[in-house]
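Construct all of the structure, not just a fragment, from the sequences and the given hints.
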Amino acid sequence: SRLDAYVAANVPDASASRGRVAAAIKARMVTLNGKTASKPSRALKPGDVIEGELERERASEAKPEPWVKLDIVHEDESVLVVNKAAGMVTHPSAGHESGTLVNAVLGHCDLPELVVPTGNQALSDDDEDDEDAVDEDEGARDGMIRPGIVHRLDKGTSGVMVVAKDASAHNSLCEQFAARVVRRKYVAILSGVPSPSKGRIEAPIGRDPRDRLRMAVTQGGGRFAASNYEVIATLANGNASLVEWRLETGRTHQIRVHAKHIGHPILGDDTYGGGGGAAVSALSRYGVFDVKEAKALMSTIDRPMLHARTLGFTHPQSGEALDFSRDPPEDF
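Quick note: the sequence shown, position 330, residue 330 per the working numbering, numbers continuous.
Calculated from the structure, these hints are not laboratory results. Note that the Cβ used here is the ideal one computed from N, Cα and C, for glycine as well. Keep in mind that a hint or two might mislead.
[Stated by the list, open to error] Keeping only pairs whose Cα atoms sit at most 25 Å apart, straight-line, the calculated PhoX-like set for lysine-lysine is:
#1 Lys63 x Lys45
#2 Lys26 x Lys45
#3 Lys35 x Lys45
#4 Lys26 x Lys39
[Said to hold, decoys possible] For each label pair, taking beta carbons as the anchor points, the in silico distance ranges come out as:
#5 Gly87 x Lys63: 14 to 22 Å
#6 Glu175 x Glu330: 52 to 60 Å
#7 Gly319 x Asp290: 50 to 58 Å
#8 Leu44 x Gly221: 16 to 24 Å
So, in structure tokens, the structure goes:
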């Protein structure tokens with residue numbers, strides 16, 4: 001096991017994110033068997049003794065940014081439902097201190113300052129962003145203040161999200177996500193056409209042991225994950241398909257990982273095999289596009305083709321069942 005990974009995994013403290021541990025090691029604040037350790041990647045062996053200090057990081061406070069555009073679907077005294085644009089990060093994290101959904105929402109209305117607990121227990125990880133997933137996870141462990149946020153969509157995913165406007169609504173929505181009673185449907189454009197055209201995928205998801213920035217279907221160690229899919233339309237003579245997804249769980253990158261698992265990654269998803277040469281090859285089969293046309297098409301796609309179309313929940317105050325939908329944006 002690596003030194004930084006072992007410490008981050010075994011120190012029950014919100015300050016012990018892997019990134020912060022690695023920084024402490026590089027700053028020569030950690031010793032291994034009495035000698036200063038300087039490499040986070042240092043391999044450990046049984047019996048090694050690790051000592052060091054980590055300073056607690058203060059919770060980050062997001063600043064209101066009323067100039068950041070919000071597409072509001074619904075608003076009342078308890079909840080705000082928005083249609084998040086692709087390219088917008090949900091909340092501030094390292095490298096994304098402004099321009100996030102939280103900044104925009106704070107610029108629109110006052111929200112309760114609620115610190116996400118260590119380990120992110122109160123936040124539902126709806127398919128969060130590939131490049132920024134680790135940063136956002138680290139931020140969650142560092143107890144960042146995320147006003148009203150109860151679930152996330154990744155930077156590249158567009159679609160419907162709900163934000164709590166008071167503590168009571170926040171608690172109610174968190175409980176609904178935890179109980180898996182929130183109704184969520186997504187649409188995605190996949191490479192090829194899944195067979196059968198309708199099915200259920202039950203495959204555990206965890207960190208990819210070969211690349212910690214990605215998730216993967218893992219046996220023995222992953223978290224339970226289940227997705228239901230249905231092909232809505234066959235596109236480009238079978239080279240692609242429009243597929244609806246209904247989630248039973250909300251694991252990080254769940255749809256993206258499960259789509260790859262069945263051999264039909266989301267187009268534009270470079271992290272999980274839906275971009276680059278693989279996508280060009282898939283699109284240029286059967287003579288629908290030649291390679292040049294397929295490359296030109298892929299050059300217009302700058303994100304995974306995934307959209308959160310429908311979100312349904314019970315209103316925290318009235319108890320009314322609410323459902324909100326938005327069609328995919330123009331890039332679809």
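Satisfaction of hint between Lys45 and Lys35, Cα-Cα up to 25 Å: holds, 15 Å
Gly221 and Leu44 - C-beta distance against the hinted 16 to 24 Å: holds, 19 Å
Restraint status (C-alpha distance of Lys26 to Lys45 at most 25 Å): Holds, because 20 Å separates the two Cα atoms, which is no more than 25 Å.
Given hint Lys39 paired with Lys26 - CA-CA distance at most 25 Å: Within the cut-off at roughly 6 Å; holds.
Whether the CB-CB distance between Gly87 and Lys63 falls inside 14 to 22 Å: About 20 Å separates the Cβ atoms of Gly87 and Lys63, which means 14 to 22 Å holds.
Holds or violated: Lys63 to Lys45, with C-alpha atoms at most 25 Å apart: Distance of about 45 Å is beyond 25 Å: violated.
Distance restraint hint 50 to 58 Å, applied to the beta-carbon atoms of Gly319 and Asp290: holds, 57 Å
Distance restraint hint 52 to 60 Å, applied to the beta-carbon atoms of Glu175 and Glu330: Since Glu175 and Glu330 have Cβ atoms about 36 Å apart, the given range 52 to 60 Å is violated.
The earlier numbered hints that this structure contradicts are 1 and 6.
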